[in-house]
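Protein chains: 2
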Amino acid sequence: MSKGESGDSGMSIQTLENQVIIRNEKFIEKGKQLKPQLHETIVKPTSIVEIKADTEVIHGWRSEVAAPASTLANYKYGKNDSFILDFGDHQVGYLTINLRPAGSPPDAPLKLKLTIGEMPVEMAEPFENYNGWLSSSWLQEETIFVDVLPAVISLPRRYSFRYVKFEVIDTSPKYQVVFESVECKAVTSANLNAVEKISHQDAELQRMDEISIKTLADCMQDVFEDGPKRDRRLWLGDLRLQALANYETFRDNELVKRCLYLFAGVPDEKGNVSANVFVAPKLIADDTYFFDYSLFFAASLHDYYFATSDLETLKELWPTAYRQVELALERLGENNILKDSDNSWSFIDWVEGLNKQAPSQGVLIYTMKQAIRLAEELNIPEKNNLEERLEEIIEATKTHLWDQEQQFFISGSDHQISWASQIWMVLAGVLTKEENSKLMKRLLKEKPTVGIATPYMYHHLIEALLVSGEKELAIAEMKSYWGGMIQDGADTFWELYDPKNKDFSPYGSHLINSYCHAWSCTPTYLIRKYNL
Amino acid sequence: MSKGESGDSGMSIQTLENQVIIRNEKFIEKGKQLKPQLHETIVKPTSIVEIKADTEVIHGWRSEVAAPASTLANYKYGKNDSFILDFGDHQVGYLTINLRPAGSPPDAPLKLKLTIGEMPVEMAEPFENYNGWLSSSWLQEETIFVDVLPAVISLPRRYSFRYVKFEVIDTSPKYQVVFESVECKAVTSANLNAVEKISHQDAELQRMDEISIKTLADCMQDVFEDGPKRDRRLWLGDLRLQALANYETFRDNELVKRCLYLFAGVPDEKGNVSANVFVAPKLIADDTYFFDYSLFFAASLHDYYFATSDLETLKELWPTAYRQVELALERLGENNILKDSDNSWSFIDWVEGLNKQAPSQGVLIYTMKQAIRLAEELNIPEKNNLEERLEEIIEATKTHLWDQEQQFFISGSDHQISWASQIWMVLAGVLTKEENSKLMKRLLKEKPTVGIATPYMYHHLIEALLVSGEKELAIAEMKSYWGGMIQDGADTFWELYDPKNKDFSPYGSHLINSYCHAWSCTPTYLIRKYNL
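Protein chains in written order, with my numbering: chain A, 1 to 532; chain B, 533 to 1064.
Some hints could be false.
[Stated by the list, open to error] EDC-like, lysine to aspartate or glutamate: derived pairs with alpha carbons at most 20 Å apart:
no.: 1; chain 1: B; residue 1: Lys645; chain 2: A; residue 2: Glu477
no.: 2; chain 1: B; residue 1: Lys608; chain 2: A; residue 2: Glu17
no.: 3; chain 1: A; residue 1: Lys79; chain 2: B; residue 2: Glu699
no.: 4; chain 1: A; residue 1: Lys165; chain 2: B; residue 2: Glu674
no.: 5; chain 1: B; residue 1: Lys645; chain 2: A; residue 2: Glu17
no.: 6; chain 1: A; residue 1: Lys438; chain 2: A; residue 2: Glu392
no.: 7; chain 1: B; residue 1: Lys1034; chain 2: B; residue 2: Asp702
no.: 8; chain 1: A; residue 1: Lys441; chain 2: A; residue 2: Glu477
no.: 9; chain 1: B; residue 1: Lys717; chain 2: A; residue 2: Asp170
no.: 10; chain 1: A; residue 1: Lys113; chain 2: B; residue 2: Glu674
no.: 11; chain 1: B; residue 1: Lys611; chain 2: A; residue 2: Glu142
no.: 12; chain 1: A; residue 1: Lys282; chain 2: B; residue 2: Asp679
no.: 13; chain 1: A; residue 1: Lys113; chain 2: B; residue 2: Asp702
no.: 14; chain 1: A; residue 1: Lys79; chain 2: B; residue 2: Glu673
no.: 15; chain 1: B; residue 1: Lys645; chain 2: A; residue 2: Glu167
no.: 16; chain 1: B; residue 1: Lys645; chain 2: A; residue 2: Glu141
no.: 17; chain 1: B; residue 1: Lys930; chain 2: B; residue 2: Asp946
no.: 18; chain 1: A; residue 1: Lys113; chain 2: B; residue 2: Glu660
no.: 19; chain 1: B; residue 1: Lys814; chain 2: A; residue 2: Asp147
no.: 20; chain 1: A; residue 1: Lys113; chain 2: B; residue 2: Glu699
no.: 21; chain 1: B; residue 1: Lys611; chain 2: A; residue 2: Glu128
no.: 22; chain 1: B; residue 1: Lys645; chain 2: A; residue 2: Glu142
no.: 23; chain 1: B; residue 1: Lys645; chain 2: A; residue 2: Glu128
no.: 24; chain 1: B; residue 1: Lys611; chain 2: A; residue 2: Glu477
no.: 25; chain 1: A; residue 1: Lys76; chain 2: B; residue 2: Glu549
no.: 26; chain 1: A; residue 1: Lys113; chain 2: B; residue 2: Glu561
no.: 27; chain 1: A; residue 1: Lys79; chain 2: B; residue 2: Glu660
no.: 28; chain 1: A; residue 1: Lys113; chain 2: B; residue 2: Glu549
no.: 29; chain 1: B; residue 1: Lys697; chain 2: A; residue 2: Glu142
no.: 30; chain 1: B; residue 1: Lys564; chain 2: B; residue 2: Asp946
no.: 31; chain 1: A; residue 1: Lys185; chain 2: B; residue 2: Glu549
[As the list claims (entries may be wrong)] Short, incomplete list of chain B residues facing chain A, as computed with Cβ under 7 Å:
no.: 32; residue: Tyr626
no.: 33; residue: Thr628
no.: 34; residue: Ala640
no.: 35; residue: Pro641
no.: 36; residue: Glu660
no.: 37; residue: Asn663
no.: 38; residue: Asp819
It should be emphasised that the hints constitute simulated quantities derived from the structure, not laboratory data. Note that the structure is a prediction, hence the values are computed from the model and not measured. Each residue gets a CB set at the ideal place from its N, CA and C atoms; glycine is no exception.
Whole structure, please, built from the sequences with the hints as guidance.
Here it is as structure tokens:
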């Protein structure tokens, strides 16, 4: 995800002037010890391509093979020449360029511009024109001066890409350059061999499973990153979904454990865990806190424990998890309903105007149930207290947030009926399975206007359908959403996708969207967990 | 110098399709063994400056101190902020930037643009507008992405500069950056302590001497470079002048020796030494050959021997020197006058339309005399043969190139009267000292239109005046030329300077001119050698 900067679409900036972090050095050290080794693979480009304008395809740009990449060294490039390499699939890694001069000895440096992108649009539309509100520094480009040729240039930064555009800005009239080879050292901490292969009879689901796994692998670096192009960071909400997909595929449980310890290592003075952490140059808690994300620490610990039976970690991290629930409960009013405020207190989704009260109440109930299961495992008295509070909260939720007449959950003082509220109440199990099924069908039929903005929320829609027993509807929704991305050319699943508005970007430009994004990787979890 | 690329002003491109190099591995190895250690000095900027438009100063831009550089760390810089540092004097070296974030943890990379320049104009006029015919890759700039902050960034390329402009292209709305420190690791192979200090009673000559020495030091790297900004290369014509200045100052004779071996290591199949060599990634002879430059191998060996008495080197390199003279003599017609052709066969100077015949004849005679002196030292029979040929050539020169009526030397089929022809004939000593004195005075009085373009040719003008006994005139010319550069703000002497047209650049833009250029460093030689 990316919520660090201000903008529209329900996103907003959080900057805390007086953030106090209580560092738990034992946890930080434990997280550090679990830092994974990255697996490296050398990947060569497959083709030299041209990007053609085409109104029929997403963003209006289509890639077309011009020549096999193996012919690259046959060409000489001089001032203002350019070419685009296609690596055939999404890559996360480091570029190495092997260059030699052709003609007279190089009597001036080579000035070379690289544009590195996940999608054809990034090759076609100049970054100079980008005017969105996320930092332009995320756009992947480099201008390189090469003083001595021949040269092997290993670029120090990691890129997330499929395409690389090379523009020779200048050489001199006396020489040109030949690109002997270009390669990518792809990196991931995921062990690709650990994944059990499936042969799904439905080719579309099979493909969706594969792309999910590729997406997850490319986001698995020394932490679970949200997106390797942007923001390359560990977010709690993304972690929870990545971990679920991981348990069904790579089973790299140590990486989940590491991430849990990193979050638990830098709570604020109340014990609140931040929505995301930075791991370089050292572990730093961001100054962004979300009601739902903090609670997902407990959810993630729950999922981790039931995937691993690692009681030691559960015991050690339980106080952190429990603290998130305690802090969440403090937000309840006397009526046991969460106090509402401006929309940045809880994340939920990026839908413009979304009221966060009811969906957050759903998240609270959902997480409390998981916390109770953990307390049960630990056989500790907190269990009873949580159970009592849960009963009161569910009762209050039905009383105050369920609109008997409209047969929908409502949220906030305006009684907003949103998709997010229904979905989270279903996941929270406030109603019976039968009532949930009816509610979900009603939702899909009536389509309230306050809808879904992100794959993250789409995941919860699908899971809500599945826990309501609506497998067919769930598959249909998955096919229309993630299947749509595949039809639109996804090599990995995207941060953002609106089938009705394919140019959608909450940032003011689709150039800056991330096209390999962790919160979009869950189809493999849904397919495998629910035997779709 | 820079003659690698095509253009106007008498410059032209040479690209040989079938250049054959006969590598002398013994010489190459000897040159390699003499590679000097570079001395490093950490230099801090003195001021934060602003560049103001001012029609009264060269190029129309003046630097004005805004604050001491020591206050830099007091400022925070965000998107679109910029500042310019002044290092107080010309530097050749490597930049290190120490940066930290201010505000929230950096949630996007820092995108930083650096513009590095020798003159205020380089800070003020955008490089994007450069449209000259020399490669734009010489313009010193970098765009850097910093993924992790704080950071200490040591840029790998060497720059030649006094000013550095920092433009923060983007951070994110959540953070700014503070430049804790910026420093330059200045490098030179010159031993600054080896120079004998002079206290000249004429402050202008004193300053000229100092700036010459600084210019030479900044061009002394692992070879004698022509210009540390551009082209950073060993040219024979520049080497000859640098060596002369060096004998009067740093006395780093090993570096001269190294350069002589490098040239001698890569002659072509006829034995011709090239006009310049590249030393990285390995020793390579450029495919540019000039009649005069090749002969200057003999001149440079002559000067080296009489500065060092290094008979062993003289013996070893004599065959190379002699071969240049032999090849030059092959160009003589039956009348003992050099055959003329298009103007790229000999360098002499960059004056537009300059005919090279007579000045090259002068260079031939000048060098033959030096070769005879060397043969005399070696006590070898070539001496006699050279002396005989010299007599014939001088006779022919007087007969065919001296215009009795006009009292000037003429050149080419159009009987061109140029400054270069007179100057080189005086240096060659074709006439008596008295006749030379009259000729030089006539030259300064009548001012033929085919004049002087470069400090390189100005050097020869001054020396021609001095050998003619016209010391006062020589000093006056030096003051008006190099003194003019000083008045126009030179920290080091420039590649190009035309007091009557200060915007002059043969490359189509003064942005790309080199403002620290070896062939401009000779005032110290002239002052010290001739006791000015």
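Status of each hint after checking the structure:
1. Lys645(B) <-> Glu477(A): At roughly 46 Å apart (the allowed maximum being 20 Å), Glu477(A) and Lys645(B) break the hint.
2. Lys608(B) <-> Glu17(A): Within the cut-off at roughly 17 Å; holds.
3. Lys79(A) <-> Glu699(B): 26 Å, violated
4. Lys165(A) <-> Glu674(B): Holds - the C-alpha atoms of Glu674(B) and Lys165(A) are around 19 Å apart, at most 20 Å.
5. Lys645(B) <-> Glu17(A): Not OK: Lys645(B) and Glu17(A) at ~29 Å, beyond 20 Å, violated.
6. Lys438(A) <-> Glu392(A): Distance ~24 Å between Lys438(A) and Glu392(A) Cα, so the pair is violated.
7. Lys1034(B) <-> Asp702(B): 37 Å, violated
8. Lys441(A) <-> Glu477(A): Between Lys441(A) and Glu477(A) the Cα gap is close to 12 Å, so the pair holds against 20 Å.
9. Lys717(B) <-> Asp170(A): 28 Å, violated
10. Lys113(A) <-> Glu674(B): 11 Å, holds
11. Lys611(B) <-> Glu142(A): At roughly 19 Å apart (the allowed maximum being 20 Å), Glu142(A) and Lys611(B) satisfy the hint.
12. Lys282(A) <-> Asp679(B): 13 Å, holds
13. Lys113(A) <-> Asp702(B): 19 Å, holds
14. Lys79(A) <-> Glu673(B): Given pair Lys79(A), Glu673(B) holds - Cα atoms ~18 Å apart, limit 20 Å.
15. Lys645(B) <-> Glu167(A): 19 Å, holds
16. Lys645(B) <-> Glu141(A): 13 Å, holds
17. Lys930(B) <-> Asp946(B): 17 Å, holds
18. Lys113(A) <-> Glu660(B): 14 Å, holds
19. Lys814(B) <-> Asp147(A): With a Cα-Cα distance of about 13 Å, the restraint between Lys814(B) and Asp147(A) holds, given a limit of 20 Å.
20. Lys113(A) <-> Glu699(B): 19 Å, holds
21. Lys611(B) <-> Glu128(A): 15 Å, holds
22. Lys645(B) <-> Glu142(A): 11 Å, holds
23. Lys645(B) <-> Glu128(A): With Cα atoms ~14 Å apart, Lys645(B) and Glu128(A) stay inside 20 Å; holds.
24. Lys611(B) <-> Glu477(A): Status violated; Cα separation ~42 Å.
25. Lys76(A) <-> Glu549(B): With a Cα-Cα distance of about 16 Å, the restraint between Lys76(A) and Glu549(B) holds, given a limit of 20 Å.
26. Lys113(A) <-> Glu561(B): 37 Å, violated
27. Lys79(A) <-> Glu660(B): Given that 20 Å is the threshold and the Cα spacing comes to 15 Å, the pair holds.
28. Lys113(A) <-> Glu549(B): At roughly 29 Å apart (the allowed maximum being 20 Å), Glu549(B) and Lys113(A) break the hint.
29. Lys697(B) <-> Glu142(A): 19 Å, holds
30. Lys564(B) <-> Asp946(B): 47 Å, violated
31. Lys185(A) <-> Glu549(B): Not OK: Lys185(A) and Glu549(B) at ~38 Å, beyond 20 Å, violated.
32. Tyr626: Hint violated; Tyr626(B) Cβ to chain A Cβ min 13 Å, cut 7 Å.
33. Thr628: Violated, because the Cβ-Cβ distance from Thr628(B) to chain A comes to roughly 16 Å (cut-off 7 Å).
34. Ala640: 4 Å, holds
35. Pro641: Constraint on Pro641(B) satisfied, holds at 4 Å.
36. Glu660: It is violated, given that the least Cβ distance between Glu660(B) and chain A is near 11 Å, above 7 Å.
37. Asn663: Check failed: Cβ of Asn663(B) comes no nearer than 12 Å to chain A, outside 7 Å.
38. Asp819: 5 Å, holds
Consistency with the previously given hints fails for numbers 1, 3, 5, 6, 7, 9, 24, 26, 28, 30, 31, 32, 33, 36, 37, ordered from lowest to highest.
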